[in-house]
Structure formats: structure tokens, C-alpha cells
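Engineer: Each chain, written out:
Number of protein chains: 2
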Amino acid sequence: MKLRIVVTLKPGVLDPQGKAIEHALGSLGFGGVGEVRAGKIFELDVADDTSDAAIDEMCRKLLANTVIENYRIERAA
Amino acid sequence: MKLRIVVTLKPGVLDPQGKAIEHALGSLGFGGVGEVRAGKIFELDVADDTSDAAIDEMCRKLLANTVIENYRIERAA
Numbered sequence: 001m002k003l004r005i006v007v008t009l010k011p012g013v014l015d016p017q018g019k020a021i022e023h024a025l026g027s028l029g030f031g032g033v034g035e036v037r038a039g040k041i042f043e044l045d046v047a048d049d050t051s052d053a054a055i056d057e058m059c060r061k062l063l064a065n066t067v068i069e070n071y072r073i074e075r076a077a
Numbered sequence: 001m002k003l004r005i006v007v008t009l010k011p012g013v014l015d016p017q018g019k020a021i022e023h024a025l026g027s028l029g030f031g032g033v034g035e036v037r038a039g040k041i042f043e044l045d046v047a048d049d050t051s052d053a054a055i056d057e058m059c060r061k062l063l064a065n066t067v068i069e070n071y072r073i074e075r076a077a
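If you read the sequences in order, they're chains A and B.
Position 42 (the first sequence) corresponds to 42 in full-length UniProt numbering; numbering is contiguous.
Position 33 (the second sequence) corresponds to 33 in full-length UniProt numbering; numbering is contiguous.
If you are wondering where the hints come from, they were derived from the structure by calculation, not from laboratory data.
Heads up, some of the hints might be wrong.
What the hints assert, rightly or not - List time: in silico DMTMM-like cross-link candidates among lysine to aspartate or glutamate, alpha-carbon distance up to 25 Å: (1) A:Lys-19 - B:Glu-22; (2) A:Lys-10 - B:Glu-57; (3) A:Lys-19 - B:Asp-48; (4) A:Lys-40 - B:Glu-43; (5) A:Lys-19 - B:Glu-57; (6) B:Lys-10 - B:Glu-74.
Next up, chain A with everything else stripped away, as it sits in the complex (with noise of 0.2 Å):
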């Protein structure tokens, strides 16, 4: 089973990251880019019966920082 795990930073948690990108798709000509936040994503081949509680625990003990990030687990096939 193929699983996409998304990891942000919550809301209000600074991104110098992001700010970085925003400045420069500006200095580079692009205009009208809001915020952007950068993230990371993970993409894992795990045994089909791998228990959604098991998915969690991966990701709080391993994948985030629930301090300061969220993660979102998405299903592919």
C-alpha cells in the first residue's frame, strides 16, 4: 500500500523557507504570489495491512514535529 504523508507547519509557526521563496519568484518577474509555505512529503510502500493506528505513531514519533507541524496521511492505491 502506497501512503503519502504530508507534513506542514501549523499556522503562525514562522517559515523562513517560504518567505525566501516568495521573495525570489518576486525578484525572478512572477507577480500576484501570496504566502507560500514549504513542507515536506513522504512517500512510503507499506504492508497492506498496516493499521491506520500504526500509520499515526509513525508519523508522531518519527515523521513530524507535532509542536510545530501538521501531517496529513493520504492513500494512493
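Use these hints to put chain B onto chain A, whose structure you have.
Structural biologist: For chain B alone, coordinates are given in the frame of chain A:
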């Protein structure tokens, strides 16, 4: 208009971060975890009249290194 740009390493390109996560999940006792690939996600707020060509150019010029990375553009609302 909200955009999500997902940047992932091309197949065949070594992904040490993904490999490290794979091993760490194993060490933490999570079984059945196969390949893990790490990527980046950028959430952009752009003007509604931004053309597809402009978005594509942002990806090629700044957000992705097309030598080793693929990118995928996802539209939200």
C-alpha cells in the same frame, strides 16, 4: 488560487533521507515498511489569473531541480 507543488526525486536518484527514515522506522519496531522516498511540498497562494505556463516556469526556474527532481502541480480552490 491555492496551488500545491510536489517535488520528488526522480526514480533512480539516491535518496539518503528516505533510506534513513526507512531504517529508523524499522528500528522503532514498525514492520512491513518498504521503500520510503522523501520530497518537498510548496503551498503557494497565487493570483487567479496566473497562467499554467507561468506556474510551470516557477517550478522549472526555482522550485525544482529538473536534473534530479520531478514536480507535480496540484490545484486546490
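Engineer: Now tell me, hint by hint, if it's right for this structure.
Structural biologist: To see whether the hints hold, each was checked on the structure:
1. A threshold of 25 Å between alpha carbons decides the hint, and for Lys-19 (chain A) with Glu-22 (chain B) the separation of about 30 Å lies outside it, so the pair is violated.
2. At most 25 Å may separate the alpha-carbon atoms for a hinted pair to count; Lys-10 (chain A) and Glu-57 (chain B) exceed this at roughly 28 Å.
3. Among the hinted pairs, Lys-19 (chain A) with Asp-48 (chain B) is consistent with the structure: their alpha-carbon atoms are about 20 Å apart, no more than 25 Å.
4. About 11 Å separates the Cα atoms of Lys-40 (chain A) and Glu-43 (chain B), which keeps this hinted pair within 25 Å; it holds.
5. For the suggested pair Lys-19 (chain A) and Glu-57 (chain B), the alpha carbons sit about 19 Å apart, so the restraint of at most 25 Å is met.
6. Restraint check for Lys-10 (chain B) and Glu-74 (chain B): satisfied, since their Cα atoms lie roughly 18 Å apart, inside the 25 Å limit.
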